[in-house]
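> Residues per chain, in single letters:
Protein chains: 4
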Amino acid sequence: MNEIIVGVIGAGRIGTLHADNLIRMPGVRLKSIADPLIKPEAWSRRGVEPALDPAVVLDDSEIAAVLICSPTTTHADLTEAAARAGKHVFCEKPIALDPVRIRQTLAVVEKAGVKLQVGFNRRFDPTFARVRQAVEAGEVGDVQLVRVVARDPLRPPIEYVATSGGMFFDMTIHDFDMVRFVSGADVVEVHAFGAVLVDPAIGEAGDIDTAVVTLKLDNGALAVIENSREAVFGYDQRVEVFGSKGSVEAFNESPCQVRVRTAAGVRAENPLFFFLQRYQRSFVAELEAFFDSIRSDREPPVTGHDALIPVLIGIAATRSMREGRPVAVERQQRGRRPEA
Amino acid sequence: MNEIIVGVIGAGRIGTLHADNLIRMPGVRLKSIADPLIKPEAWSRRGVEPALDPAVVLDDSEIAAVLICSPTTTHADLTEAAARAGKHVFCEKPIALDPVRIRQTLAVVEKAGVKLQVGFNRRFDPTFARVRQAVEAGEVGDVQLVRVVARDPLRPPIEYVATSGGMFFDMTIHDFDMVRFVSGADVVEVHAFGAVLVDPAIGEAGDIDTAVVTLKLDNGALAVIENSREAVFGYDQRVEVFGSKGSVEAFNESPCQVRVRTAAGVRAENPLFFFLQRYQRSFVAELEAFFDSIRSDREPPVTGHDALIPVLIGIAATRSMREGRPVAVERQQRGRRPEA
Amino acid sequence: MNEIIVGVIGAGRIGTLHADNLIRMPGVRLKSIADPLIKPEAWSRRGVEPALDPAVVLDDSEIAAVLICSPTTTHADLTEAAARAGKHVFCEKPIALDPVRIRQTLAVVEKAGVKLQVGFNRRFDPTFARVRQAVEAGEVGDVQLVRVVARDPLRPPIEYVATSGGMFFDMTIHDFDMVRFVSGADVVEVHAFGAVLVDPAIGEAGDIDTAVVTLKLDNGALAVIENSREAVFGYDQRVEVFGSKGSVEAFNESPCQVRVRTAAGVRAENPLFFFLQRYQRSFVAELEAFFDSIRSDREPPVTGHDALIPVLIGIAATRSMREGRPVAVERQQRGRRPEA
Amino acid sequence: MNEIIVGVIGAGRIGTLHADNLIRMPGVRLKSIADPLIKPEAWSRRGVEPALDPAVVLDDSEIAAVLICSPTTTHADLTEAAARAGKHVFCEKPIALDPVRIRQTLAVVEKAGVKLQVGFNRRFDPTFARVRQAVEAGEVGDVQLVRVVARDPLRPPIEYVATSGGMFFDMTIHDFDMVRFVSGADVVEVHAFGAVLVDPAIGEAGDIDTAVVTLKLDNGALAVIENSREAVFGYDQRVEVFGSKGSVEAFNESPCQVRVRTAAGVRAENPLFFFLQRYQRSFVAELEAFFDSIRSDREPPVTGHDALIPVLIGIAATRSMREGRPVAVERQQRGRRPEA
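Going down the list, the sequences are from chains G, S, R and C. Add 2 to the 1-based position in the first sequence for the working numbering, that's all there is to it. Add 2 to the 1-based position in the second sequence for the working numbering, that's all there is to it. Add 2 to the 1-based position in the third sequence for the working numbering, that's all there is to it. Add 2 to the 1-based position in the fourth sequence for the working numbering, that's all there is to it.
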């Protein structure tokens, strides 16, 4: 088996996380990483070529696959550039917040004939993967009701809120994907109630911090997403799929399995702190799946289509909340050829 | 302490349940029970006077308190008759499905100056009472999000569906009350998605069997109720209240606390079968609270107001589902004097 | 089905508990209760004839079954007297602390041809009954290892310690029975380590308050009992049976099923306080089983043999601890005719 | 901070595991690995120098620390050789099965003035570390009772049994260390019941496969270890420390946190398969602690003394089982200068 030579664009938190995993991954060689703010010595010491300019990665004919980990506003451009350079692309979500722009990018990728995988890493978490497997295997029968609970351990900085595109696009978007993933169904209609309960400053910045989003799926099932920007007890990430033969439920994971019993009651640990801890294994597994799809020339497990749909749901949810009514999700045929 | 002499009207399932509890209850004497279909010997053997006609109970000047356990359509009339006869009334929910009729009854009760308690027994379940206590004590801070999961272990007979008033009125009505009880807040707006996923015959009978109802509370918090007419693994009754300082969650109760571990995995028991098993203790506790309110001349813990509000929420939920939009709940001032 | 007419001897805590249950039990009538310290009015109000002298119960030809709930030192005499009077006997454990005396009593009972059941109520707890059922059904395969954890929520009064016969006889005796019950095997050898760790006054009174007892069973399996006179978090009553195909484990039961999550961690309830709460249902079930054995003329589920064996194990455990070596349990043929 | 240059002796399962972790560990450089059966290309590709002869590691003056991962019989000799070469030593347990030999080795190490850490990795497992921390912080008060449950997921090959030194030395030895670690106390007396219940061939090879070992600690507390060579539901690794203020209990860890509920009951996952999965993080953490002790010139967290004591306990347990009596553990003063 030949090694896959890889480049990374973006050396921020998520880019560094992926690069660390690539260095340890068998069958893969991380050749270079590009970021205008890069600290070169840290990378060269580990045998990775540092660069300021993404062109160093994109123009390197030895590199077969590129990870796009730069700021969101650059995702579409860089994905297109990498695809045009004939490289397989792993792009952090979202490709863009505008469906038109996403469709353009998907068209470029399709024309280039390269693989594109999008970073919905939670699908690769062993717990959620087991939920999906139970549903797929028919253990719960026909899906009737899906619940996703997703709460961050602490509110984001206000500067972040102002530029994130809104809670539905930077946080709930993972849950829209999760509903699709665990149910195996698509979303046809959305209703959203939002509120500002965590921090008034979030409301002043034009966003919400608490939401209950209900969804109708194309198989007739219903789903509900509960979001909060701040659960003081930690990162709350739970899912239940309920069906005609039973239910499968995913619970939080804790750093250790200990109970302390005293006169005051039984005490257990809070969940793993945040996504870096909770989804540590999923960040590795999604890359392994990406490289597997390259090696076996199969469709990646999270496609460009999967990147587009949650944005369409997010648009419907936003409109529902603003207009005070349920809103249909724009229909998008899977794999249809976009108008380029 | 003088004994409270009690009569029961209605000797069906719930009337018999209450009567059995009354027989064992200290400080109370069950004198008579009336039902057109009564089997006299079973009651006289236990020292309870059986009767065919409710008048035997209502006209007995020794009887201080009456339990109305007859069919729903008779609740308002019998409550009024008992109140006019100067008896304290414990009435099974709902008093009526029409708010106008309920308000009439409440006016009669108020004029008579007797106690009225309505049978929202789940408030007296030790688990849900502990949830309420945690919220009241501020353990979870300001309430931001409430979830009620309520699923029956098996679908009702179709004849029952046709006459029950609809799932929102015979099943979700408990959950509307639970949202108010655990949050300490009132409901201002409702959105409902309903579906027929359990049994097409239920849809043909004009009802739904699956629903996700979202609610806005008057303190700004959001709530969600998940209902199904059939969870094959048993009676699923769970609640979570999430707030600024944490969350409190109520889980199902099982008949025993056992885990069996084999090569196939770890197996635990399903929940207690249905409401008779799950809420056994709450049926006793609600009566004890009723008699306590009589003895101490205090307002009962579940008032006529508490009986009216869930019906108003159910009306809003029904309209929301039919009209495809969120609907405001009719405002009802607590304790305001109704126009008789 | 004819009612069984019952008398109770002893109106202390356990006698009153049984009497309360008898009053509510269908198919049974509690006719009289005898105790030198009885408060007559409380009983006559409930339709039970109070008496100072046990002879009132024993000489009543209408009474078919007697519950012996008097102090331990009177158990053997009263059991014999009741048996000679032709009454079926339910006797609280132990019949006596001296095996010779127990054997005499069993001989009298056998000659009289009446039923005798002994109050090892924990066998009838739904959780432990489920453990036994799993073992009996072969769910865990061949039994290899049994663990019983039994800890009281608070140390006994010193006066009690002085007269109880020692921890092995008033506390561990239940666990000796539990090992036999869940394993379906008999104990052949015992080793005991004891310690005084809870309260030096217990040591000064000649007893221990902490013990680990290991046992060899006649099928080759091993067992271990962990005892403490004081678990500050509450009544700790757990069992595990491990075998060739898996294990079955019984956990504590709590008053409610609630988790509170805050920044400080996840908090759950401590166990039900003590045996009156934890074994409430088992006290009812053991009497129902006793009356069933009378009605169906079958051997009671806890026999005189089952009463004798734990005393023999307790004698071996005491000797093991004192002599610092494992001690064989005196062999006792099941049902052998004692030398009267 | 200067890098610590490291060599590994032994490239079998555990040596390879440690080497993989060293390659990814910041602040450390794995220079060479020696094994008579080494596959050179796998190591040279990863920048590690492969060697057949341990002398390549021992004679390399650049190497500051050596990991001894060779067969048990070579541990003492290689530890001594490495110490004499002035290298800090991390040695897999046990150093030897003969206390005399261990003491000789400890004397050599002491004279050489190098660090020695022994591979009781379970101390570094987050769950057991939390147990220790709770005890140390006084959360459970004075320790009164310790339980260690340790069961392997499948019986070892018979060839392994024949050469392992016996279950007490290759399996229970970890549990002897765990009792000391979590209690903070030393063992003074041991009683062991052993049995052959899993596989008669193990008995024919002169070993046991099931044991209950009880221990008296020097603070008066009691402890019990339950062992089985085969739990068909997986690797069972649990601990409880019970004390005057409460208890702390460590449970098994599962690959994912999922419950499946069907009409057949609630099903959860079995534990992580075996020690490679369960203790993955502890293998990393013990090495980090070893290097920390070198950098800060402090005593390693698991010393030569900690390596010797469990062997002395194992000897006492073996004798107890053979002679049918409790046996005192040979006293060993911590840090006393051995007679070389």
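Don't take every hint at face value.
Since copy identity is lost for identical chains, a pair holds within one copy or between any two.
Claimed, not checked - Dumping the calculated SDA-like pairs for lysine to any residue here, alpha-carbon to alpha-carbon at most 25 Å: (1) K247 x A270; (2) K247 x Y162; (3) K33 x R47; (4) K95 x G208.
If you are wondering where the hints come from, they were derived from the structure by calculation, not from laboratory data. A quick note: this is a predicted structure, and the numbers were derived from the prediction, not measured.
> Take the hints in turn and mark each one as holding or not.
To see whether the hints hold, each was checked on the structure:
1. K247 x A270: between (31 Å within a copy, 16 Å between copies)
2. K247 x Y162: between (43 Å within a copy, 23 Å between copies)
3. K33 x R47: both (13 Å within a copy, 16 Å between copies)
4. K95 x G208: within (22 Å within a copy, 43 Å between copies)
In the structure shown, no violation is registered for any of the earlier numbered hints.
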